[in-house]
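*Asks:* Residues per chain, in single letters:
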Amino acid sequence: MNSFPMEWYFTALMMFVGFYCMLASRSIVRQLIGLEIISKGAMLALLSAGALANNLVFAQALVLTLIVIEVVVVGAGLALLVKNFRVNGTTDIWKLDSLKG
Amino acid sequence: MNLILIPIFLPLATAAAVLLINEKTKYLKEILSSAAALVALLAAGDIFLQLPAEQHLSLPWISAGLSFTLRADALSAFLLLAVSLFSAAISIYSFSMPDKGSSKWFFFNLLMTQAFAAGAALADSLLVMLFFWEGLLVFLYTFIILSQDAPGARRTAKKAFLINGVTDLCLLVGITITGYIAGTMNMSEIARNKLTLDYGWSVFAYVLLMIGAVSKAGAMPFHTWIPDAATNSSSPFMAYIPAAIDKLLGIYFLARASIYLYQLNGAMSIVLMTLGAFTILAAVMMAFVQKDYKRLLSYHAVSQTGYMILGIGTLNPIGIAGGLFHMINHATYKSCLFMTAGSVERRTGTNDLTKLGGLFRLMPLTAIFFLIAAAAISGIAPFNGFFSKELVYRGALDSGHPIFFWAAELGSFLTLASFLKLGHSVYFGRLPENLKNTKEAPFSMLLPMASLAAICVLFGFGAHLPLERFISPALSSIGVQHGELAGFEAGKLYFLSVIVILAAVINHMLGLAAGGGKASKASDHIHYAPVLKQAYAMAENRVFDIYELGMDKVVPVVAKVMFSVDRFFDWVIDTAPSSAAGFFSDASERFHNGSYPLYMALTLAGAAVYILLAALNGGLK
Amino acid sequence: MDKGLLAYLLIPLLSAVLIPFAARGRRRLADVIANVTLLAGLANLAWLVLRPSMISGGFADIPGDGFTLLLVGTVYLVGFCVTFFSAWFMEDGAPNRQAYYSLILVSVAAMTGVVSATDFFTLYVFIEVLAVTSFALITTDDSGRGVEGALKYFFLTFPASALIILGISILMLTLGSLSFDNLRIFMASGIPSSGPVTFGAALMLLGFLIKSGVAPFHTWTPDAYQGAYAPVSAHLAGIVTKISGVYAVIRMAALLRFFDGRALALSDLLMFLGMLSIAVGAVAALRQKDFKRMLAFSSVSQVGYIVLAAGLGTPLAIMGAIFHLFNHATFKTVLFLNSASLEKSAGTTDMEKLGGMEHAMPWTSWTSVVALLSTAGVPPLSGFWSKLLIIIALWQAGLRTYAVLALLFSIVTLAYFMVMQRKVFFGKRSRAAEVSTEVPAPMLAPAVLMSALIVALGLLFPYFYTYVRMVAERILI
Amino acid sequence: MTNDYRTLLYALAVFFSLWAVISRKLLISAIMLALVSVLVSLIFFDFGAPWAGVFELSVCAGLITVLFVSAVSLIRAEEEKHPESRARFYALPLAAAIFAIAGWFYLPQFFAEIAGWTRPSTGGGTIGLALWDMRRPDLLGQVLMLAAGVFVIKSIFPRRSEK
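Protein chains in written order, with the working numbering: chain A, 1 to 101; chain B, 102 to 722; chain C, 723 to 1199; chain D, 1200 to 1362.
Keep in mind the hints are simulated off the structure, nothing from the lab.
Computed from a prediction, not measured in an experiment: that's the story for all the values here.
C-beta atoms are modelled at their ideal positions from N, C-alpha and C, and glycine is treated no differently.
Wrong hints could be hidden among the right ones.
To be verified - Label-pair restraints from in silico Cβ distances:
id: 1; chain 1: C; residue 1: 758; chain 2: D; residue 2: 1223; range: 50 to 60 Å
id: 2; chain 1: B; residue 1: 638; chain 2: C; residue 2: 1081; range: 56 to 66 Å
id: 3; chain 1: D; residue 1: 1335; chain 2: C; residue 2: 1174; range: 34 to 44 Å
id: 4; chain 1: C; residue 1: 777; chain 2: B; residue 2: 677; range: 45 to 55 Å
id: 5; chain 1: C; residue 1: 987; chain 2: B; residue 2: 677; range: 28 to 38 Å
Whenever a hint applies, use it, and build me the whole structure from the sequences.
*Replies:* Written as structure tokens, this is what we have:
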């Protein structure tokens, strides 16, 4: 019996927490934290699958790329956050509702 | 380029070109359209001369079953020749006609009508014919409405359009049913295995086809727009469409439907002959009392249709030959007569018989052409009308129902009487003071009149020529076996016609005497006779006009019903959907409120449902 | 990765890197470099595809599967139109002009990468690059709405990335590889229960659906398009979201071999979402007050058609989907560029404040008419043919209800566009119409070019049909 | 047992991520996120994936945390002026627990079923070769990503002097 189901179970739990955070939090920073947690979960899932398939090297290669992507995405997110703070004067994403109809 | 396309596409192309020409240019349009008509005439002649080799053309159209098929068999080629001939004649006649409306649009309509008429004549597929036939309807409307800028013209155009539109609809339904029953739309294929009137649907289809055909020809009771058009549109139009093209096409298709496509029985023959006889009598009665040159002629145009329908209705070869021969003859002399009316109108400015008189001295050529054509229409030997009427009479006698023969003879009597009145009041008698300076019509108007009058004479003296060259091949191409189609024969019928002539002259004398010597009142003794007086009064009030009846009585009721039906549909397709759309888009507007958590929740919930569905149905089995 | 097309990725990247250095003090140079790069690529592609020998040979010599090439061409075409338009649209003092062009070029490079990827992970990587560039592009004009749109785009499409990674994990586990070919071979091999592979593919597909803005994941679309910097909304709606989502959906539909009867539940689900999207987009578009927002909802609806066809997956449907993808790029670009022209000239895209603009801006008005008629599928414009293909495919597959609904909503499309045209261009002259004038010719040129393309494609449909059939044959093998 | 160790790491990662979400102060959240990263990198080491572990540790736990902390410090004042309602976050452990218990009955089973379809590959090779030989397009993608990142920052924060 391998530990894969347990690993993915925890991963699912982690992603649940992340999604809950993105759903519930008003602060854009916390949204980004939720996003980070989900990304971590996805990475863990990928690596664990790679380990099970005896393809760890391949999975590592993918995770390296994912980390680079994550950095840039989070960087872009934080940049947007700061710009939003400057332009709209808020960090509360729930208050952003000028576009509607 | 197939030769058969020239008579159709050359006028079409020329019509398009005419529209591009500036309205101010002198004679360019006229020359162009006359040239096109003449070239088309040459092509038609060539097609005719190449017989018995039939030109034909078949292009794939909507699908394999429905191809664009044209075929010039002897009847079609003959008809095409006639259409082209009259188009050329009218083109030339209209050269210097001033009151034909905008000349650009006049020639456009003329050429379009010619093209579509040629197409209808040549079409082998019923659908193709229907296409051209409906096209004619459009140009009939535009022709009338553009000929005068007056409310009357608009009203008449609408009337003509509606009457012909309704009957064309009948034709459409008839053609659809016919094609369905026969399993093909190609007339030549249907003819190989003619349809019989054994059961309801085919009778229904035939009657619809017949309605379409006789209404195009202008028979009673679909004729009522023609006299109105006589007062509300130009002479060239009258000479062209009601006098020539419509008669040619209507009778052509009646012959096709009655002999070529369907195998008729005795009952239908009686129906046709009754319709013919009724048309002859009723219309000629109306014609007899008219006081307007063109209006009188237009009633005759209706009346003469009766002879053709009667001839075809006899179903025996002599009668059919007579019907077809009368068709071409009628087109010739009636065109000629309308042209003389146009000439007189152009030079004197009026068509009112009471204001005209003694023009023989001033317009001798016009008068002579009038006399020839009038003699021809009245069936005086040896002009062409005599021979075709003779054939119709013989056909009617042979059919075993002599009553139709007598009706036709009575019609002849009244025809002659009315032309005596017309001729007398316009060309003879006293010349009114204000017409002293009237001049002869110009050459461009005389030339077509002369040609048509010449044809009247030629087809009269040499009646065997058209019978052998045109009618006989046409008959055999629609599968009618016939014996000798004799020309002149000094038998009983000839003497009867002499008696009719004498009776008409006597009647005219009586009328003159009763009307105090005024030729235009020569019909009053019949007009105001005890019973007829009321009948005429009702006819003048359009009591018998189905169009006016429909417009007065039926249309308001139908309109009311249709309005409520329309409101209902309006509700179904407008109010209901727009309130539904309003409801949904309101909901959507409330939903898309810019709230991030709502959007996120929706996205996540959607994703969760999707994943569950994929996991359950995607099947990990 | 298709090596033949690598140049189309690298050259824009190099230009993008070049712009900040070369055009530091010379603003116009940034315009020139961006435009020349894209125009050169476009000319090169046109020569590759449209030379006479290629056309007469029925496009048999097209390298690769043809789909990639077509989309690279579309990417360059829309990219060129947008940069050309921006060169005149952008105020001279715009602080981030160089960065703007660099980002457009990077996004073009990323899109080329997306369409030439032959492996799901590569596809994902380029899609992420594309997404990141889009966030920044949306906020180009520093407006509050722009940032709002960008943030919503950022967060609402993020779950897609996680789902794609999960799908990739499952695929790696159960398929042993991530390349398109392996999935195709696996699906074609007829292994009776392909469950986990299908499940992995379904997760990825869900990610792509979120990225393409299919209902109920469409909520970011209107906000992002409406808030975006005007030319960028044309870029986004015309091509970016199509490449980052819809392209992958079509690709996966072909790989999963729906037409073979594989993964039927997924196919049904996809078609349902497509239809839902058509309906939601069309209904929501009916009452919009802002031109751009209405166009965004229309975009949701049109994407629905593509997804519906992709979900059906028969060769005819795939052809319709590809053709509609291309058409959507043309007509949406025209409409969004026209909305940008309106914004430039009249200062607003609020339909309540506009009216009678055709007097002031006749070219803008008439190119809009062409584009909207094409969107609604009026013959003989190109949109008609693609919708026809889709509806025929649905009908042939026996999905009468979907076919009728698709037809019905295409009428609704016409309805809301007519409302728009009446409110904005026709009707009573508004104050805005009196003060505004037609934008200069260079800004009209892209819209006119695209409109000409719409008409030409509609009229020359047989050639395009040959091409698209070739593509469908190759990607469905 | 490695498995127990790994399970513990996983459990801790989940725990810290919960903490990161619930925590009132953003700074604490950022630090908890860094801890999650550390744990994830430990898990990577445990899987025998040192390269991924090192990168995770340096980039995610390091660079991203720095980014977060600096961004938080920029906006902290505003954030503290309008503290958000905590009720939703206090519900998180409850929700997570419900999810965990409900998931316990289905998820492991489901994942085990997926694992049953594993198609073992030959594996082997080194990370460098794997990246260079098999994932070369991804490297191109990374380059593009970094370029995009640079331009994004340049676009969002233009130099003031030009304004």
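*Asks:* When the structure is checked against the list of hints, which entries are broken? Sort them ascending.
*Replies:* none
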